[in-house]
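*Asks:* Sequence:
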Amino acid sequence: MSYFRRQVSPIDPKTPIDYKNIELLKKFMTERGKILPRRITGLTCKQQRDLTKAIKRARILAMLCCPLSIKKAD
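So the sequence shown is numbered by my numbering: it starts at 773 and just counts up by one.
Since the hints were made in silico from the structure, they are not lab data.
Only a predicted model underlies this, so the values are computations on that prediction, with no experimental measurement involved.
Incorrect hints may appear among the rest.
Derived DMTMM-like pairs: lysine to aspartate or glutamate, alpha-carbon spacing no greater than 20 Å straight-line [claimed, not checked]:
(1) K825 - E795
(2) K806 - D790
(3) K843 - E803
(4) K825 - D790
(5) K806 - D822
(6) K825 - D784
(7) K825 - E803
(8) K828 - E803
(9) K786 - D822
(10) K818 - D784
(11) K799 - D784
(12) K798 - D784
(13) K818 - D790
Let the hints inform the model, and build the full structure from the sequences given.
*Replies:* Below you can see the structure in the form of structure tokens.
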């Protein structure tokens with residue numbers, strides 16, 4: 773008997789992750805623009821790598837914003 777359930781990937785593993793699909797990419801980012809880790813998204817290793825590449829490519833092409841940093845006021 774297994775104590776851990778196998779986590780099902782939220783995306784079909786056969787569907788390609790495209791940098792032009794902004795709505796899909798935003799589901800795996802925080803509101804500040806950071807990429808969510810695999811343990812939170814539930815993606816496979818290959819999907820997480822492809823997702824990261826697609827998000828970075830979309831950032832370079834200015835389709836997505838870059839992560840924002842909070843500056844503390846002195």
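*Asks:* Decide, hint by hint, whether the structure agrees.
*Replies:* Now for the hints, and whether the structure bears them out:
This hinted pair checks out: K825 and E795 have alpha carbons roughly 16 Å apart, not beyond 20 Å. Restraint check for K806 and D790: satisfied, since their Cα atoms lie roughly 18 Å apart, inside the 20 Å limit. A threshold of 20 Å between alpha carbons decides the hint, and for K843 with E803 the separation of about 17 Å falls inside it, so the pair holds. Taken as a hint, the K825 and D790 pair is honoured in the structure, with Cα atoms around 9 Å apart against an allowance of 20 Å.
Annotation: proposed proximity of K806 to D822 holds, straight-line Cα distance about 15 Å (limit 20 Å). Distance restraint check for K825 and D784: the Cα-Cα separation of roughly 18 Å lies within the 20 Å cut-off, and the hinted pair is therefore satisfied. Among the hinted pairs, K825 with E803 is consistent with the structure: their alpha-carbon atoms are about 19 Å apart, no more than 20 Å. Of the supplied pair hints, the one linking K828 and E803 holds, its CA atoms being roughly 16 Å apart against a limit of 20 Å.
The straight-line distance between the Cα atoms of K786 and D822 is roughly 12 Å, inside the 20 Å bound, and the hint therefore holds. For a cut-off of 20 Å, the pair hint linking K818 to D784 stands: about 12 Å separates their Cα positions. The hinted pair formed by K799 and D784 meets the criterion: a straight-line CA distance of about 15 Å does not exceed 20 Å. Taking the CA atoms of K798 and D784, the gap is near 17 Å; set against the 20 Å cutoff, the hint holds.
Our distance criterion of 20 Å between C-alpha atoms is met by K818 and D790, whose separation comes to about 14 Å.
In this structure, every one of the numbered hints holds.
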